[in-house]
Structures are given as C-alpha cells and as structure tokens.
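Q: Using the sequences and the hints, build the whole thing.
Chains as they are written, first to last, in my numbering: chain W, 1 to 152; chain A, 153 to 468; chain H, 469 to 813.
In short, the hints are calculated from the structure, not lab data. There could be a bad hint or two in this list.
Only pairs whose alpha carbons sit at most 25 Å apart, straight line, appear in this in silico SDA-like list of lysine to any residue [claimed, not checked]: (1) Lys444(A) <-> Leu329(A); (2) Lys497(H) <-> Asn353(A); (3) Lys592(H) <-> Glu645(H); (4) Lys497(H) <-> Ile336(A); (5) Lys162(A) <-> Glu696(H); (6) Lys56(W) <-> Pro425(A).
Quantities reported herein were computed from a predicted structural model and do not represent experimental measurements.
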Amino acid sequence: MAQQSEWEPKLLGFLCRWCSYAGADLAGTSRKKYPANIRAIKVPCSSRVDSLLIIKALRLGFDGVLVSGCHPGDCHYLTGNYRARRRIAITKKFLEYLGVEPERLQASWVSASEGGKFAEVVTEVTKGLKEVGPNQLFSERKLDGTKTKAGS
Amino acid sequence: MEQKLRQEAKALLEQNKVDWIIGFEPGSLKFTATPLITRDKNDTERLIINPFIVNNLADFLTGIKGRVGIVAKGCDSRSIISLIQDNKIVREDVVILAVPCPGLIDLVKIERLAGKDRDELDDISRDGDKVTVTVDGQKKEFAINQTLFDHCLACELPTPQEYDILLGEPGPPAPELEVSGQNIAKLKEALPAERWEFWQNEFSRCIRCYACRNACPACFCQRCFVEETEPQWVMPVPRWQDNLIFQIIRNIHVAGRCTDCGECERVCPVNIPLRSLAREMYGIVDELFSFKSGMDKEALPLMAHYEQEEAEDLFK
Amino acid sequence: MADKKVGKKDIAGLLEQWSQQFAVFAPSKESGVAAMAEWDGKDISFLDWYRNTVVPPKAIFLPPMEELFRFQKGKEGYNIEPPPKDKHKRLIFGVRPCDARAMAILDMTFEQALEDPYYLSRRKSAILVGLGCTNPCESCFCTSMGTSPTDQTNVDLMLIDIGDDFLIEEVTAKGKELIAKTSGLKGATKEDEAKAKQAKETAYNKVTRKLDTEGIKDRLLASFDDEEFWEKTAAKCISCGICTLLCPTCYCFDINDEMVKQEGTRFRSWDSCGFPNYTKMPMENPRQEKWRRVRQKVCHKYEFYPMTFNVIACTGCGRCIRLCPVNWDITQVIESVPARTEAKK
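A: Here it is as structure tokens:
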C-alpha cells in the first residue's frame, strides 16, 4: 500500500473491433483523457473472449481485465454480445466466489461513437484497480501453511 | 425393482431394441457397485439397484456406439437430457430405465460417523429415514440426512422425468438444502483473500489425474483445453496455479450442463471439495438466468441462448 | 545381536532424535488424505489411524512435480542452473512392506535401466523405516505378490507391532548403523520375538484377497491381440490417471519447459499411460482407443516388467482398487485373462 503512488495497475482490454475498439480510437482522436494503464487487444467480437483468456491474463500478471463490446442489440453478428454477456456474467460471479476481487474483471458496452464513455470506463476501472492493489493471486509466495508432501 | 430391471434389460437386448445395456453390478469391495456395460443378455442377471450405485452412468453415453438401455437415477437422467440438448446423443437412441432414487449413501460420511474405514464395517442398511451401521457386531443408527451425499440432500429430481421404463414408485424429493450447502455457506462467510487461500491450499494437493473431468458427463470435449499445447493454456504439471485454473475453467465450461451429480467430488482421490465449486456455479446459473440443466429436453443449452434483458447490472 | 524394541509412546522421542540428522517423513493427513509428509515434530497420532497412505511414498523420490533445472537465454546460448542440492537426508518412517517393495521395483528402472541422478540422489541417501501392517485393507493382496504385511526385505529397519512396543528388526547395514547411534531403545526379549512372530502370522492371515499370477506372463502374451477381451475389460474405465499416478510402481513422467521471456524452467511431472495424449505423436496415436491403454497398463505390470526385470511390477498394495472411481479391479482382470485364445473368426 505504501507504494500506491508509484505503482500503476496493468489493465488488459479485450475490445470488440466493431465498437469499443473504434470507441477507443475516437477517445484518442477527440483528445479525451484516460489512463495509459490499458493495453488493448482487438477481438472480432466480445463473444470471442473465452473465460480462459481472462484467467490467463490474470495468471500472467495483469491486474485487471476489461471486456468491452457493442451495446445489447447492436452486435455486428446480431447475437454475439448476448452470448458474451452470459459467459462474462458467470465468470465474474464465479471468480468473485473464489476470492478474486470483483474489480479485476470488468465488462462494458461501448459503441464506436462513445469515445467519452470509453475514457470514463477506463478511468473508473483503473481507479478500482488502484484501490484493490497489485494482482498477487497466482504469486508463489502466498502459499504457506501447507505441509511439504514430497521431498523439499 | 431389481427383478423388473433384469427382465426389462434382458427383453431390450433380446428384442434388439438396444445394442447395449449400461447399469450396475456388485462391486469387488464392500458397499460398492460397479458399472456394467454389456451387450450380452445373460449379464443382465447381475444388474442391481441399491444405495451404493454412485456412478453417473450418463458419462459412458458419449463414448459408445449404438442404441443404449441405461439405468438412470434422477441426476443421471438430467445429464442424459443435457447431452440431448447439446446434440451429443439422440433421444431415440437411448432407452432410459428410470430408478426412483431415495438418495445415495456417502461412505465418507459413514466412515466419519462410525469412526472406522468402510472395509471394517460389517453392514450398512437403510430403512426409511434410518441408516443402521453394524461395526464389530454392534449396531449404530443414524438419521438418513447425516449419511447421504451432499448433492443428494439438494436433489431436485429423485426420479427421472424423462424415461421409457419406470422401475418403481417415484418418491418425493427431500431436500436438506441447509445441510447440503453448509460448505459453500461457510466459505462465503470468509473474506475474499481467505477464500482464495483456501482454494490455493486445496488445489496444492491435486495430482492432475483428471478423474473429475473424466467422470463428468458434461465434460465431453474431444480435446480438453488443458491438453492444448499451442497455446499452452495451463502447464501439465500439478502446480496449484495450473490445477486451480484447470478447475475454474472446467466449471465455467460445464456451466449449464452440470447437474450437481457430485461425481467430481466423489471421485477425487485427494478429497478436493469440488462440489463446492460445481454447486456454486449451478447456483449462479440458476440465479442469473433461471436455468436448470437437464430439466427440459426442449430447452436450448445455456450458452446457445439468451434473453434480451439479463445480467445487465454486471456491465458498465 | 538381539533385536531392540521401542515403546509406542516413545515413538515421538525416537523421531525427534532422528530429526536431528534427517528430514523425517511420517504418515500425515491433510483434509482426510494420507500421505508421507515432513514430520511436524510432535504428532504421532498416525499410529492410531494409519493403514496406508493414499499418495504412495514414491512421491518423495519421484515427486509429482519437480524442477530439473532453470535456464536463461544468454548471448552465447543457454545458461543452466541446476536445482539446489538437498540439505538433509530423508528418513521415511512407517513405510508399508508393499510400498517398500515398490521402491525396490522402481530402483530397477531408475538405476539398472538408466541412472536417473534426480531419483537416485534422493533414494540412495534415504532410510526406509518399515512399519508392519496389523490391519490390512480389503483391497490388499500383497501376500499374492511376493511380499507380506510384515515383510522386512526392502526396508532398512522394520518395526513389528507387539502390543505396547514395536520390535525393531535391523535389516541393512544402514539400518544397523542408525540403531547403534540411537539411544533410548530397549532390548527385546525372547518373549517379544515370539510375539512378533505371532503378529506376523496374524497379519498374514488377514490378507484375504488372493491373486493367482501363475503363468500370467504367458497368458497375457497369448491374449495380446484378443481385442474383444480387452474391449470388455476396458469398458467401464474412464481413463483417469488415479490407478497409475497413485500406483507405487508406476514411474511414467512427462517433461515440460516453461519459458517466460528469456528465462525458463524444465519440469518433470507424473504422467499416465491411461491418458490418450500419452502416446500422441504428430502423425498418429498408437493408443487412441481406451482398450489399448488399459492393455498397456496391465501388460506393463504383469508381462513387460517381468520380461525385463523378472519381477511383476505390482505389489498388491490395493490402491488402484480402493481409489478407482468405477471399481475397476486389477485382480479380477488378471484372473479373467484367458489361458489361451482360440483363433478368432
């Protein structure tokens, strides 16, 4: 916590190419300010984001993951984001149950024309991540109290 | 019930209505039953029904060619329906021999209650709401809800709804939801960090035998993501991180297919409380989408369907 | 020299003494799962509950997962960093005779067939202190597999339960040396030895499961192509890895590198011939079908190992029977292997 001022969270964004990715572009071209903490990956649709990608990002040390797609009803492929919604919803709930801070997985609907909303979402998500601190979910040193089962 | 089962199964094979019969025969250890998979009508003489028919036989359906007559408890029948929903099997190829199931006896609980290992017990018998365990010639009596599997205490469908042949009188479900959900409720009281540490500890025992996956009828992928090497999602080494990711994703992948049959937890050789994951996912799916797997064969699979308005509060 | 004995209540003291010199492993339960774990310095309650571990003691010598080495990519090739050396020699307390025999069987692979420095460095420095069974499980069939509940052949020291004490049989020079340096032991009397003899007999008779392995090697050889038999045998198997991973004589492993940027680790971890991917190769998989994998498992233990080392690679510990999710029983399978197969078709 002492390092909070220096530490910057790393956020991985899976952005739908038809909307949120363009929204991010728009935020840039219209000079909206948002934190530089996000690394964006362009995906064909928010439904492409298997939960595996989300967990893998956390495993690799990202502090949080943002999945962003088209508003319900606006999917380029008609129903992709509805399916994404189901999958992300259960993933989010399930991770929360396991003990993952809810801030670490966020999802949003951002259209190509919502540069402002994109900036807001990233700002908000980054702020949340700063509050929960660095992701140490998979770090080795947390494991203690267990007995050695085999040769140490 | 057993006699009827044997007759029906034999007739199915004789009349060439099925190619296979999948049921249970006596196991080689005390208080065990073992799956019997046969095309020989004489084998049907060995079929049994008792409180120890623990396996979910639906697990074998995806690996078998031909028409199958299958002995199904309520939970097994839900797995069968779920496989039909997913187009893994065709309804016409399955003859469901429905067993009204009053719940299965959990030998781990019996061992704990009796203070002895299962092979040291002389007898376990059930009479209505009482289970009598005989140890060293002495009888001990326990209430049924102390001895049934947790998942049986949460059973919503003791007798299959979808069947071809009903083998007995259906009984009412007798859910003891509170007892059944104890472990999950206790976990939920803990702080997130404590919960994570709990799972970390549990999964540090995992040896990656994949019994949980292979015993699960809902895990029917031709190739599991843990076996992918390009990209390598998880390492095939039993590190707790990889073990836990395997199980998290497995649960997410079977969401909407898991019928809370409890097999994952039962088969685990190192006692990882896997049902506490599976059941929670079952609950999440029900809470968010009012979806209960394997209840309605006409329903679309969870992930192949959506409503216009749902789960919106989770999105920004 | 007469045998020594140790009081049951003095076991904690004995382990304490040995802890000065060794990393002592003893049976321990975590969430109901018995395994050999580093002794915590006080708990000897295992004397009350211990029958055998779920995880066999092989896990100490061939761990479920180990780092073979770490590596870094430098300008001139790779930099290899070997794993840290063991600080302590290990003493495994409470090894059952079946598992001790299994260690001797594993030695054949890791010493005779090919020297495995990782395994051998741990194995050679270790002391096995056996503990005779008094209460074998229903699934045990050790007496059919060349050992017995109190067999001292493959341990350094053997403890036999004689009531309030354990009689200590000094088997190897290593064992004798350890006992010579151990204080607080009592001399065993003629009466104690008689009691031990009695205990051995009683335990032997408690193993009721029998397996006739007469001619099994030839029967398996003759039945190798009996697809119908193997398909029937394999029908209920779900291809999980319990019976192999937790078998005390199974030693198959997998090797994997994990690399992040320029640094990596080479891991060795348990693998199982029961997994379809075990034999997967770019072009084909010779054991794609389940029955071929089941056949491999059975034949490796009862046919190939005897062909190579003249010993069946099964010690009758019964784990595979006890732990199998579908009650696939090796003794039933071995018994059902046809004496000879008539020509098919």
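Q: Each hint should be assessed against the structure and marked as holding or not.
A: To see whether the hints hold, each was checked on the structure:
1. Lys444(A) <-> Leu329(A): This hinted pair holds, its Cα atoms lying about 16 Å apart.
2. Lys497(H) <-> Asn353(A): OK: Lys497(H) and Asn353(A) at ~14 Å, within 25 Å.
3. Lys592(H) <-> Glu645(H): Cα-Cα ~15 Å, so holds.
4. Lys497(H) <-> Ile336(A): Within the cut-off at roughly 23 Å; holds.
5. Lys162(A) <-> Glu696(H): holds, 21 Å
6. Lys56(W) <-> Pro425(A): With a Cα-Cα distance of about 23 Å, the restraint between Lys56(W) and Pro425(A) holds, given a limit of 25 Å.
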